[in-house]
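**Student:** Here's the letter readout for the chains.
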Amino acid sequence: MKKRLTLSEEELVTGLKQRQKLAIEALYNMYSAALNGIILRIVHSEEDTSDVLQEVFLKIWNNASNYDPKKGRLFTWMANIARNQALDRLRSKSFRNENKNQELDNSVNTIDSLKSISLSPEHIGIKDLLISLKPEQKVIVDMIYFQGYKQNEVAEALNIPLGTVKTRLRLAIMELRKYFN
Amino acid sequence: MDVKEYIESGVLEMYVYGALSAAEAKEVAEMASLHPEIAEELAKIEENHENTSVILGIEPNPFIKNHLLDQITNRQAEKPAIPLYPTRLFAYGMAACLTLLLVSSIAAFNYWERWKSSENELLALRSSNQQYATNLANMNAYKGILQDPDFKKVHLASTTAFPGNEIMVYWNAKNTHVMVDMLNLPENDAEHQYQLWAIVNGKPVDAGVFDVKKGQKTMFQMKNIQGAQAFAVTLEPKGGSTNPTMDKMYAMGKI
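Chains Z and V supply the protein sequences, listed in that same order. When we follow full-length UniProt numbering, the leftmost residue of the first sequence carries the number 1, and every step to the right adds one. When we follow full-length UniProt numbering, the leftmost residue of the second sequence carries the number 1, and every step to the right adds one.
Wrong hints could be hidden among the right ones.
Each computed PhoX-like pair below joins lysine-lysine, with the alpha-carbon atoms no more than 20 Å apart [stated by the list, open to error]:
| hint | chain 1 | residue 1 | chain 2 | residue 2 |
| --- | --- | --- | --- | --- |
| 1 | Z | Lys21 | V | Lys65 |
| 2 | V | Lys26 | Z | Lys150 |
| 3 | V | Lys254 | V | Lys153 |
| 4 | V | Lys143 | V | Lys153 |
| 5 | Z | Lys71 | V | Lys26 |
| 6 | Z | Lys71 | V | Lys248 |
| 7 | V | Lys203 | V | Lys143 |
| 8 | Z | Lys59 | V | Lys223 |
| 9 | Z | Lys70 | V | Lys238 |
| 10 | Z | Lys70 | V | Lys65 |
| 11 | V | Lys44 | Z | Lys178 |
| 12 | V | Lys223 | V | Lys152 |
Please keep in mind that the hints were generated in silico from the structure rather than gathered at the bench.
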């Protein structure tokens with residue numbers, strides 16, 4: 001296993017803003033898998049995911065000056081770019097509408113499909129937590145986190161009040177937070 | 001709005017997980033900047049979001065990394081706007097120079113080859129020109145001899161000991177000139193030379209030595225002879241002998 005370059009968040013941000021190649025390399029080492037996972041769960045295509053991941057890192061590199069640390073964590077900013085870029089890819093391929101109905105029928109698909117994916121031991125805990133969420137929470141996490149739906153889209157699709165969608169997400173995320181405490 | 005209620009609503013999770021519209025997100029950011037409690041909770045949700053996403057990460061295609069870093073390096077190299085044009089100009093100039101160098105090298109080599117072969121041709125022409133000049137001189141000499149009524153043509157026939165030899169001797173009785181023309185004689189070695197003898201009053205008189213070289217068709221002028229009755233050719237040690245070696249007589253002919 002080759003040595004992986006990692007930097008602190010502060011070093012990363014400074015390096016990115018100064019356009020240091022080392023910073024983007026460290027960023028890639030630290031977050032490419034996380035962002036790749038987010039993209040892949042939305043576009044469901046290895047090929048499209050590879051394209052989108054590159055677009056995302058180029059955006060991060062070119063728009064680093066737009067990132068404001070006061071407004072939130074670097075990863076939140078990057079995950080948003082990844083999610084939006086992946087959704088753009090879906091729309092451009094007009095997959096969105098076809099997939100929407102299909103995935104609503106099996107809306108727990110992404111989380112339950114984790115069962116069949118063999119993850120390393122440290123993954124098992126979070127996987128079990130996700131799978132053991134209450135079904136009404138699981139579907140919200142799946143749609144919001146794994147498929148990139150907006151809150152009002154979920155409310156409409158499931159025909160439940162927006163407030164309920166929000167609190168269900170909150171409760172589910174609180175469950176996940178237990179894992180890290 | 002009650003801060004606790006706001007936190008409990010789940011809007012912060014929606015914000016972090018990117019499920020809000022731009023306007024809704026702006027509102028959350030404002031709330032967070034106003035209320036440290038909200039900012040603190042937001043930071044926890046963000047941290048959890050990152051940790052979960054890292055754990056649920058899926059390694060990308062390993063080829064992407066270098067491809068991406070190359071793209072970034074290239075873009076960075078292309079970034080400065082001003083050096084771009086001179087760099088390209090320099091590259092084009094360099095390419096043009098290299099092309100010109102290549103073309104002129106090929107041309108130079110070509111001309112050098114041609115020059116070399118011309119020089120060889122010139123040498124060959126000179127040598128053949130010399131050959132023609134020699135031949136012409138010989139022909140003129142022949143012509144002069146043949147047109148001169150005072151020259152007598154003496155054919156020296158082969159002896160039985162050395163068959164197959166022929167020599168022609170032209171003798172001018174008036175001015176006593178003697179010319180020898182080797183029609184057919186074997187080449188002599190370095191230690192020997194042919195010697196022409198004139199038979200005057202029954203005795204052999206030295207008329208000079210000559211060499212025979214393969215392919216050489218030259219007429220030699222020999223020593224002047226008066227009152228010749230016959231001519232003979234013998235092979236003698238180099239420089240010739242006082243008396244002919246009779247058993248090495250190659251040809252003989254009477255006038």
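**Student:** So, for every hint listed, does it hold in this structure?
**Tutor:** A quick look at each hint next to the structure:
| no. | hint | in the structure |
| --- | --- | --- |
| 1 | Z:Lys21 to V:Lys65 | holds, 12 Å |
| 2 | V:Lys26 to Z:Lys150 | holds, 15 Å |
| 3 | V:Lys254 to V:Lys153 | holds, 10 Å |
| 4 | V:Lys143 to V:Lys153 | holds, 13 Å |
| 5 | Z:Lys71 to V:Lys26 | holds, 10 Å |
| 6 | Z:Lys71 to V:Lys248 | violated, 127 Å |
| 7 | V:Lys203 to V:Lys143 | violated, 31 Å |
| 8 | Z:Lys59 to V:Lys223 | violated, 111 Å |
| 9 | Z:Lys70 to V:Lys238 | violated, 119 Å |
| 10 | Z:Lys70 to V:Lys65 | violated, 29 Å |
| 11 | V:Lys44 to Z:Lys178 | holds, 12 Å |
| 12 | V:Lys223 to V:Lys152 | holds, 16 Å |
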